[in-house]
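Visitor: With chain P fixed as given, assemble chain E with the ligand onto it according to the hints.
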Amino acid sequence: MSDLVEVQRRVPPLVLIAGPEQVLAERGLGEVLESVRERTPDVEVIRLHAATYEPGELTVHASPSLFGGDKAVVVHDLDEATDELQQDLLAYLAAPPDDVTLVVVHKGGNRGKKVLDTLKKARARVIDAPAIKTDRDKADFAMNEFRRAKRRATGEAVQALVDAIGKDLRELASACQQLIADTTGVIDEQVVLTYHGGKVEATGFKVADAAVAGDAGEALRLLRHAIAVGVDPVPIVAVLAQQIRQLIKVGSAGRGRSADLARDLGMAPWQVDKARRSLQGWTAEALARSLRAVAAADFEVKGGGRDPVYAVERAVLTITREKAEGDR
Amino acid sequence: MSVWRDVIGQEPAVTTLSRAVEDPASMTHAWLLTGPPGSGRSVAARAFAAALQCPVNGCGQCRECRTAADGTHADVDVIATEGLSIKVEQARDLVALAAHRPSVGTWRVIIVEDADRLTERAADALLKALEEPVPRTVWMLCAPSVEDVIITIRSRSRHVRLRTPSVESVADLLVRRDGVDPPMAMYAARAAQSHVGLARRLARDENARIRRHDVITLASKIRTVGDAIDAAADLSTIATEESQASSAERDAAEKARLMEVLGADPSARTQPPHIRSQLSSLEKEQKARATRFSRDMVDRALVDLLSVYRDALVLRTGAPTALVNEDSRNVVQQVAQVLSSERVLVAMDAIGTARERIAANVQPLLALEAMALDLRLPR
Ligand SMILES: [Zn+2]
Numbered sequence: 000m001s002d003l004v005e006v007q008r009r010v011p012p013l014v015l016i017a018g019p020e021q022v023l024a025e026r027g028l029g030e031v032l033e034s035v036r037e038r039t040p041d042v043e044v045i046r047l048h049a050a051t052y053e054p055g056e057l058t059v060h061a062s063p064s065l066f067g068g069d070k071a072v073v074v075h076d077l078d079e080a081t082d083e084l085q086q087d088l089l090a091y092l093a094a095p096p097d098d099v100t101l102v103v104v105h106k107g108g109n110r111g112k113k114v115l116d117t118l119k120k121a122r123a124r125v126i127d128a129p130a131i132k133t134d135r136d137k138a139d140f141a142m143n144e145f146r147r148a149k150r151r152a153t154g155e156a157v158q159a160l161v162d163a164i165g166k167d168l169r170e171l172a173s174a175c176q177q178l179i180a181d182t183t184g185v186i187d188e189q190v191v192l193t194y195h196g197g198k199v200e201a202t203g204f205k206v207a208d209a210a211v212a213g214d215a216g217e218a219l220r221l222l223r224h225a226i227a228v229g230v231d232p233v234p235i236v237a238v239l240a241q242q243i244r245q246l247i248k249v250g251s252a253g254r255g256r257s258a259d260l261a262r263d264l265g266m267a268p269w270q271v272d273k274a275r276r277s278l279q280g281w282t283a284e285a286l287a288r289s290l291r292a293v294a295a296a297d298f299e300v301k302g303g304g305r306d307p308v309y310a311v312e313r314a315v316l317t318i319t320r321e322k323a324e325g326d327r
Numbered sequence: 007m008s009v010w011r012d013v014i015g016q017e018p019a020v021t022t023l024s025r026a027v028e029d030p031a032s033m034t035h036a037w038l039l040t041g042p043p044g045s046g047r048s049v050a051a052r053a054f055a056a057a058l059q060c061p062v063n064g065c066g067q068c069r070e071c072r073t074a075a076d077g078t079h080a081d082v083d084v085i086a087t088e089g090l091s092i093k094v095e096q097a098r099d100l101v102a103l104a105a106h107r108p109s110v111g112t113w114r115v116i117i118v119e120d121a122d123r124l125t126e127r128a129a130d131a132l133l134k135a136l137e138e139p140v141p142r143t144v145w146m147l148c149a150p151s152v153e154d155v156i157i158t159i160r161s162r163s164r165h166v167r168l169r170t171p172s173v174e175s176v177a178d179l180l181v182r183r184d185g186v187d188p189p190m191a192m193y194a195a196r197a198a199q200s201h202v203g204l205a206r207r208l209a210r211d212e213n214a215r216i217r218r219h220d221v222i223t224l225a226s227k228i229r230t231v232g233d234a235i236d237a238a239a240d241l242s243t244i245a246t247e248e249s250q251a252s253s254a255e256r257d258a259a260e261k262a263r264l265m266e267v268l269g270a271d272p273s274a275r276t277q278p279p280h281i282r283s284q285l286s287s288l289e290k291e292q293k294a295r296a297t298r299f300s301r302d303m304v305d306r307a308l309v310d311l312l313s314v315y316r317d318a319l320v321l322r323t324g325a326p327t328a329l330v331n332e333d334s335r336n337v338v339q340q341v342a343q344v345l346s347s348e349r350v351l352v353a354m355d356a357i358g359t360a361r362e363r364i365a366a367n368v369q370p371l372l373a374l375e376a377m378a379l380d381l382r383l384p385r
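For the protein sequence lines, the chains are P and E, in the order given. Here the numbering used here is used: the first residue of the first sequence is 0, the next is one more, and so on. Here the numbering used here is used: the first residue of the second sequence is 7, the next is one more, and so on.
Source of the hints: derived by calculation from the structure; they are not laboratory data. Please read all numbers here as calculations on a predicted model, not as lab measurements. A few of these clues could be false.
[Claimed, not checked] Label pairs and their computed distance ranges (CB to CB):
#1 P:Gln189 <-> E:Arg167: 42 to 50 Å
#2 P:Asp306 <-> E:Glu362: 12 to 20 Å
#3 E:Cys65 <-> P:Arg305: 54 to 62 Å
#4 P:Gln189 <-> E:Arg256: 22 to 30 Å
#5 E:Pro61 <-> P:Arg305: 53 to 61 Å
#6 P:Gln279 <-> E:Arg229: 52 to 60 Å
#7 E:Leu288 <-> P:Arg305: 34 to 42 Å
#8 E:Asp271 <-> P:Glu155: 27 to 35 Å
#9 E:Thr243 <-> P:Asp306: 54 to 62 Å
#10 P:Val308 <-> E:Leu288: 36 to 44 Å
#11 P:His224 <-> E:Arg167: 49 to 57 Å
Using N, Cα and C, we set each Cβ at its ideal position, and we do this for glycine too.
Isolated chain P, as found in the complex:
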């Protein structure tokens, strides 16, 4: 399954993304749109959802616009499509217009089968998004994530990563991206353990996420659990610092496309999007106070204080309090 989501440079006019794995489907769709944009930067992207589809919408969007220009039409959830949507799709496929890229997403099942067959017959590019269930699948998935980023990871590292956070594929994907963004060189087991502390649900990232979201109870629970099973507080503080830092950077960067911002800030686009969502209720001053608290905690966990665990807890509580005040 190594190259399933690899998309060739030039996108054909018809694309089918088939399979239940949302992470892969979204990834595939993202890459298709990205390469379309590479070719035609001003392409207009239209998204149609089966649940809200109005008969004839597809025809309207697919017809040449007054001002010319290319379009990409994405039809989500063909597997839930009404008869009207299916008919419109079949009509479209009978005479596909120029200048339009059609991407159809199908999670599985029998509904929309005729459209699927017609797409395949019309030589649509098929991107598979198969379910990733077993640990083996997950390990392959993670290995492929690193390979795509041109990074080498050892088998043990991947195994440790799957053990630590393999429950949710989305989390696994973001953990891979995080490791890619935050480390250099070969990713080995030690690197993974530093960031994800072995077979532990509570990682620095989770603590940081809960803290930044203002969830004091959850953040403390995760933190204490992590410490109780032997996670070193040092990398937890490092992750806290990094998360707050990213919020400040994204917050002060203003508007603009995630991809551009990501490039300017040396972050991954998903990190930018995540930071933007997390910024709700935060002010620059509150983030500044939080970062100060984390710096003080780092000093204490490095031997400057008597109780390193308490130091981290205090930093976490400072963060959640700052957030709570911002929400009020």
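Guide: This is chain E with the ligand only, laid out in the frame that chain P set:
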């Protein structure tokens, strides 16, 4: 007495040390030379060693004087740490060395440049040698201050304190010894706050001057939280560049030399195991050195930054003192205009805290960020 020529601005120390050379009753087997970085501890120790070896107590001209000063004298060993600490194995080697009689000179001299970096076990090993002096062996331990040296060592050695030399005497030295133009020497001595080695570097290396100027200018640029984060990243980058600039060439040369010594083929894609293990231990050493060096560079940048606020206080109080940053007067003025004296002190405290934290191993970037937040100018 010209062996003391380059030991500038240290008249009391020179008096003590030269008396020890001339009068056996004033001599002892262990000396502790302390003084702030750049005050010339190592230069003073070498001059002392030269004077001891010289048939006429330090003429500065003879072979003994010259070889002792440049570190090639057979009976003068200079131990400078490249890593973060002096390990017990190294200390044991020194103790073994100390037991030998001098081969050509009158004294066996062992200079430990960073006695503050002795690990506890290394200090214990040294202590034995200090407790049982060998007749013609003399130890010279150098450290920033007595407090930096383990007390048992302190109590077994005679203490000589060096002070910060004046800007003028450092500038003089640069002109006389290194052939620097007087105006440049004056700028460099002032900007380096009398740190001799640093002044020399500033005088000779334009990039070092540019980097210093970049650091100074940061003080006038930080207004928002975002600015503070950016400034911290800039500072950290400047320090890394500074440290890379001085280590890359040296690392490569060391590796080439090692390969040559081992008779390895540099073009081979993989090296045999015994060569690989030697190379990897060299790389480890170089990495330790780089860590120490880039930490030192961050600290240096912070000392430079601190000088802006000290200058700002001078301006605010109207004291008739020359500014360290005479060349960046506009930056100092801007800071002095918009910050109250209290705010200037807050900024100085923040820089002090960052230095302390970085010395305690806090991630430098994080420590710098927390600091930069306190350096914000009012909008
Ligand atoms: Zn001489």
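Visitor: Now, for every hint given, state plainly whether the structure supports it.
Guide: How the hints compare with the structure:
1. P:Gln189 <-> E:Arg167: 42 to 50 Å: Distance hint for P:Gln189, E:Arg167 holds at roughly 46 Å.
2. P:Asp306 <-> E:Glu362: 12 to 20 Å: Between P:Asp306 and E:Glu362, where Cβ atoms are some 19 Å apart, the hint holds.
3. E:Cys65 <-> P:Arg305: 54 to 62 Å: holds (57 Å)
4. P:Gln189 <-> E:Arg256: 22 to 30 Å: Since P:Gln189 and E:Arg256 have Cβ atoms about 29 Å apart, the given range 22 to 30 Å holds.
5. E:Pro61 <-> P:Arg305: 53 to 61 Å: holds (58 Å)
6. P:Gln279 <-> E:Arg229: 52 to 60 Å: Violated, since P:Gln279 and E:Arg229 (Cβ atoms, about 25 Å apart) do not stay within the stated range.
7. E:Leu288 <-> P:Arg305: 34 to 42 Å: holds (39 Å)
8. E:Asp271 <-> P:Glu155: 27 to 35 Å: Once the Cβ atoms are compared, 33 Å apart, the range 27 to 35 Å for P:Glu155 and E:Asp271 holds.
9. E:Thr243 <-> P:Asp306: 54 to 62 Å: violated (34 Å)
10. P:Val308 <-> E:Leu288: 36 to 44 Å: holds (39 Å)
11. P:His224 <-> E:Arg167: 49 to 57 Å: For E:Arg167 against P:His224, whose Cβ atoms are near 53 Å apart, the range 49 to 57 Å holds.
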